[in-house]
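The listed protein sequences derive, respectively, from chains A and B.
Position one of the first sequence corresponds to residue 12 (the numbering used here), numbered consecutively onward.
Position one of the second sequence corresponds to residue 4 (the numbering used here), numbered consecutively onward.
Certain hints may be false.
Straight-line distance between alpha carbons at most 35 Å, and here's what the computed DSBU-like set of lysine-lysine pairs gives [stated by the list, open to error]: (1) B:K215 with B:K422; (2) B:K183 with B:K223; (3) B:K112 with A:K16; (4) A:K16 with B:K215; (5) B:K158 with B:K121; (6) B:K52 with A:K16; (7) B:K52 with B:K223; (8) A:K16 with B:K158; (9) B:K310 with B:K52; (10) B:K223 with B:K315; (11) B:K197 with A:K96; (12) B:K223 with B:K121.
Here are some of the chain B residues that sit facing chain A, going by a computed Cβ distance under 7 Å [to be verified]: (13) V349; (14) E351; (15) L360; (16) I373; (17) P491; (18) D493.
To be clear, the hints were calculated from the coordinates, so they are not data collected in a lab.
Beta carbons are placed, not taken as given, at the ideal position from N, Cα and C, and that holds for glycine.
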Amino acid sequence: MRLPKLVRRERASLPVLIAAPVLALAIAALGNLVLYAAIGVNPVAVFHAMLIEPFASYFSMSEILLKAGPLLLSAQGLAIGFRAKIFNIGAEGQFVLGAICASAIPVYMPQASGPWIWPAMLLLGALGGSAWAAITAFWRVRLNANEILVSLMLSFVSLQLLIYLLLGPWKDPMALNFPHSVRFQFDALLPILLPGTRVNVSLLLALLVTVAAWFFVQRSFAGYQLEVGGLAPNAARYAGYSQNGAIWLSLLIGGFAAGLAGAAEVAGPVGQLQRSISTGYGYAAIIVAYLGGLHPIGIVFSAFLLSTLYIGGDNAMVSAGLPIAAVNVFQGSLLLAYLIAATFVRRRLVWPQRTRA
Amino acid sequence: MTQALLSLRGVTKRYGSIHANSGVDLDVLPGAIHAILGENGAGKSTLMKLIYGVEAPDEGELFWQGEAREIESPAIARRLGIGMVFQHFSLFETLTVVENVSLLVPGAKKDLTERIRKLGREFGLEVDPLSHVYALSVGERQRVEIIRCLMVDPKLLILDEPTSVLPPQAVDLLFETLRKLSARGVSILFISHKLEEIRSICTHATILRGGKVTGTVTPKNFDAQALAAMMIGRDMPQLLSDTPDKRGEDRQHLSALSLASEDPFGVSLQDISLRVSAGEILGVAGVSGNGQSELAAVISGETPLPKRLQSKLTMLGREAGALNPAARRALGFAFVPEDRLGQGAVPELSLVKNAILTGHRRGMVRNGVIRHPRAEAFAQDCIATNDVRTPGPRAEAGSLSGGNLQKFIIGRELMLEPKLIFLNQPTWGVDIGAATAIRKRLIELRNAGCAILVISEDLEELFALTDAMQVLSEGRLSPRFTTSETVPEDIGRAMIGASGGAVL
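Turn these sequences into a full structure, and let the hints guide you.
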């Protein structure tokens, strides 16, 4: 049997580069609609709920902006590490630590007031995320422990830490044993950006981080060194760029951004520390980063796309009776479809030539 | 006239807009030792791939024993009776010789072992069928490759630069074998750019230049200069004449270093001592795989030395064993690695960005921010002064030919104005014109007082270039030979090492 071969292109194909995410979305959508039909859910209703309803009102559109914030923040940080081939899969844990650290201020100082509180919470959260990622960096540098495993496992640890705090020392005494902290005071909440919605200044922050990430990737020498380390480790060694430095920098940046996102979540729409503080933002950010081609500008688009799917997925659960697992399946198949499509940016299929008889 | 075994008529192969071969005619007679002569990039390898069925021609016809044929795959080529020995051997190191042979040749192991021994005796290709390939010398591995082709009784044997990996004495043995094969009526296609070899063994030579045949001659009737002129289309450029030896202070010093290899298939360095002075070119001769890459990594700093060995390496007046490659560069050291794509340059990045790789110290970075105009000017300058053929500084490094990329990398390192430069296989795979230009620049640099260390497999190059040589063999470095008082046979003996001629 004659199978086609994958051949490396002489240079990356720009049309495919742009078409890849679009194509991936189309293929994943089509595949999932078939799946929905198979489990007895009306695909047209799901399609309507997922892709039309989110844009049907001012409020639900603002919810897309709200959800896009943490995805955008976390993904920008992750992408910098992914470009250097340092795979921080634990943004979820760094996000949770960011939320925990930010909450320390309102939990221990519930009466404090002043305009310094929410900025201090964001900073503390970002540092907390970095510190959590630093554990992974330390073991990778020290024992060459695989950062994928360590960061992923630490995400589960962070969840246990969160539950411990909410069931123990940080439990709201007035909460009738529900596992959440006190509701934060007004000064511990982020100012609202769009009146009448939950969209707050963290969206601006995310866009600011995007600009910073763009500058880091395109203009800074440190970003260049990381890029070389990712593309050609031997060239980085040859030039004398520190591999350990790259590991530390990548993980600290990723942890910082994810921690910031976690802090913005407790200080933003949630307003307290609770068990379900993250709905998988840290994992979804991995998809966002890859779907955006690991490029700061591309990530802006993919963050809004995935946020739309989040809102749409919620809608579909309510209005079309879609199980929650189906939303995760959609996200997963989207990433898979993209990775396949992205293969063809630098490669092409060659069919064996038919031989003349 | 006897019927040609293999004939090509008007064969053309294009890769994108590049014509690797255009309108090639070739006739290989039975029993001929037929050279395909050309510079790197002239289309020799592509032509062999077309004959061996690795690639299909876009135009033209191929006749095998007078019949038009299409060779769709190497398996079909082997069935017709075409065998090929590649430049890079395709043997499994962890298997024995007979196991490697049995992967391609059907038959019981016992019979195969017997046939390998018999062929070995017949053609001077003695090798123990039961030994593991990793324990064999390069010359022996080549014999295994040849035997594997001979097992299926080929009519045509293609050898791709077979002598580039052999010490001089082993070359003579190989030629002996080839003559025996030719006497039995086996045709041989011999790819090379070494003119003296071709004159001594080949009965015919077809010369390729830029993918076209520029002549088919009897090589014995032409001298090397004339063949070279046909090959490169102009007279051979001359090297600068040697200047009197005026050595300056020691620039690099490595004393009695022993380092065990971490790679089970790597070579451990034993008792390595060398010294390079200002205004001197020291060559390290020897066949690759004798510790060359290990030594290179120690000198460049890519392999960090353990604490107890750090005092063994001095560079530019400082103990350098503890310094990483970047810190060594800061002292005035520059390094051209063997591997161009992925080590000396990042294939996916533009030449501008590749200029930054080691050139960043020359004003390309301020306050942690890259100054692209500076980097672009540097790359442009490097392209212009080193005659790098490329559409421009924004071209991806991976899109350049090997020789052009090497010119860019060497140019970049020389623009760092090093006091000590180390080059590993600087002209490997580079066409003659470019190689001569590179050697000329190195001699100029030497005359200006730079200390230069060169690792090379190419003895001709080392004799043309160096003031002194040491030979690396099985991880040991020979004492110093003064080049002007040495003949290639001395170097050859040192290559074989203390273990004598048996392992050729």
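Structure versus earlier hints - violations, ascending order: 1, 9, 10, 11, 17, 18
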